[in-house]
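Starting from the structure of chain A, add chain B where the hints point.
There are 2 protein chains.
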Amino acid sequence: MLKLYTYFRSSAAYRVRIALNLKGLHYEAVPVHLLKEGGQQNQPAYRAKSPLGTVPTLEDGAGAHTQSLAIIEYLEELHPLPPLLPVSAEARARVRAIAQTIACDIHPVNNLRVLQYLGREFGATQAQKDAWYRHWVMAGLQAVEQMLADDPATGRYCHGERPGLADCSLVPQVFNARRFDCPLDDMPTIRRIVDACEALPAFANAAPAQQPDAE
Amino acid sequence: MLKLYTYFRSSAAYRVRIALNLKGLHYEAVPVHLLKEGGQQNQPAYRAKSPLGTVPTLEDGAGAHTQSLAIIEYLEELHPLPPLLPVSAEARARVRAIAQTIACDIHPVNNLRVLQYLGREFGATQAQKDAWYRHWVMAGLQAVEQMLADDPATGRYCHGERPGLADCSLVPQVFNARRFDCPLDDMPTIRRIVDACEALPAFANAAPAQQPDAE
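Those protein sequences? They're chains A and B, same order as listed.
Here the UniProt record's numbering is used: the first residue of the first sequence is 1, the next is one more, and so on.
Here the UniProt record's numbering is used: the first residue of the second sequence is 1, the next is one more, and so on.
Chain A on its own, in the form it takes in the complex (with noise of 0.2 Å):
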């Protein structure tokens, strides 16, 4: 039985939780409170598993996995149906490169450690916070929506007919975007995009809202 320790608002686990659905793989849902304790993912007991303390971790069977878009990848590789990458070597790149731009560029920029820092060390306010976070947010979405919009490549979902690895990072970052009041409104492709995979059920039930330690 695979185990995901999860926290229903990480981007980063609401990521490997759609891969999960999409390839119709059950899990143990473990939740990591972030904000409890002290935040549950400093414990020794987690960081054993997770040495930086980030969520998520997937546990299979003895080993423990770390880091999302190396656990989406570890699951396509033992459970290759559905893909979730393409066949090409030039649109694995693609496909990769958008979740990177996002995975890598985006998010950690704006991690609670992140926010959490700013304010214990430059005082930073929660409006000065809220800005940092949509500067960051705005510019790489905004390269995302460029990548999206100028390739014929792009589809219905970010590659072609069918969900794959770009779109389990897209969505949560557009959750998130929209959660810091993020004005997507010059960003018409990645809105359509995330309106056709918010509709399939493997999104929608990996939702914040959907997971057993939501609030």
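Worth flagging that the hints you see were computed from the coordinates, not collected in a lab.
Backbone N, C-alpha and C fix where the C-beta goes; we use that ideal spot for every residue, glycine too.
Please note that a few of the clues may not be correct.
Stated by the list, open to error - Computed spacing ranges between beta-carbons, pair by pair:
#1 A/Arg178 / B/Glu37: 34 to 40 Å
#2 B/Asp181 / A/Gly160: 45 to 51 Å
#3 A/Asp130 / B/Glu37: 40 to 46 Å
#4 A/Arg134 / B/Glu77: 35 to 41 Å
#5 A/Asp130 / B/Lys36: 30 to 36 Å
#6 A/Arg178 / B/Gly63: 29 to 35 Å
#7 A/Ala209 / B/Ala131: 37 to 43 Å
#8 B/Lys36 / A/Gln43: 45 to 51 Å
Claimed, not checked - List of simulated lysine to aspartate or glutamate pairs, DMTMM-like, C-alpha gap at most 20 Å:
#9 B/Lys23 / B/Glu76
#10 A/Lys3 / B/Glu145
#11 A/Lys49 / B/Glu76
Below, chain B without anything else, positioned relative to chain A:
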């Protein structure tokens, strides 16, 4: 002919330079100076290739590929020998998780554009920017040290006896750590592996000081 848009000091470009060298692939280096002329990465001609304005971009015929780890996976798929990823899904997940801990959780938070924002919006001094930089490097590399030291799969290199994707990410990050005087005394496994890598021409020739645009 492969064309790599690169900046000598870019950690992400350095990763791809190592991978190209390990695979023995010749490429033309096209320098993109991140500080000159308001940042050459912000010019429209470059933004057409890399919408977010990041380096590196790899051009292979008509295709332009961004995101360093996506580029290395692309090279791995088209030029499988020598391999930069191990064979089993479990081992591949481990190598990717080490690479992503660096490429997602350390590097983007310390990127030039983030440091510039700290100065512009929070009036951060150079000392405060340096403290920020060191904070994320130390937190991230301590996690990587644990991932390496606690696992019998670690060998002369991050995974076994052959340099691969994780080493391509680790060496540039340690180069940056040293540049910012981060103390690596309690990271003996990382220091040992980086020494082993730097003894190889593929790594030595990819170093910032060896690049045509080095200052």
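Hint by hint, here is what the structure shows:
1. A/Arg178 / B/Glu37: 34 to 40 Å: holds (36 Å)
2. B/Asp181 / A/Gly160: 45 to 51 Å: holds (48 Å)
3. A/Asp130 / B/Glu37: 40 to 46 Å: 32 Å Cβ-Cβ, so the 40 to 46 Å window is violated.
4. A/Arg134 / B/Glu77: 35 to 41 Å: holds (36 Å)
5. A/Asp130 / B/Lys36: 30 to 36 Å: Once the Cβ atoms are compared, 33 Å apart, the range 30 to 36 Å for B/Lys36 and A/Asp130 holds.
6. A/Arg178 / B/Gly63: 29 to 35 Å: At roughly 33 Å between Cβ atoms, B/Gly63 and A/Arg178 fall inside 29 to 35 Å, so the hint holds.
7. A/Ala209 / B/Ala131: 37 to 43 Å: holds (38 Å)
8. B/Lys36 / A/Gln43: 45 to 51 Å: holds (47 Å)
9. B/Lys23 / B/Glu76: Roughly 9 Å between the alpha carbons, so the hint for B/Lys23 and B/Glu76 holds.
10. A/Lys3 / B/Glu145: violated (25 Å)
11. A/Lys49 / B/Glu76: violated (28 Å)
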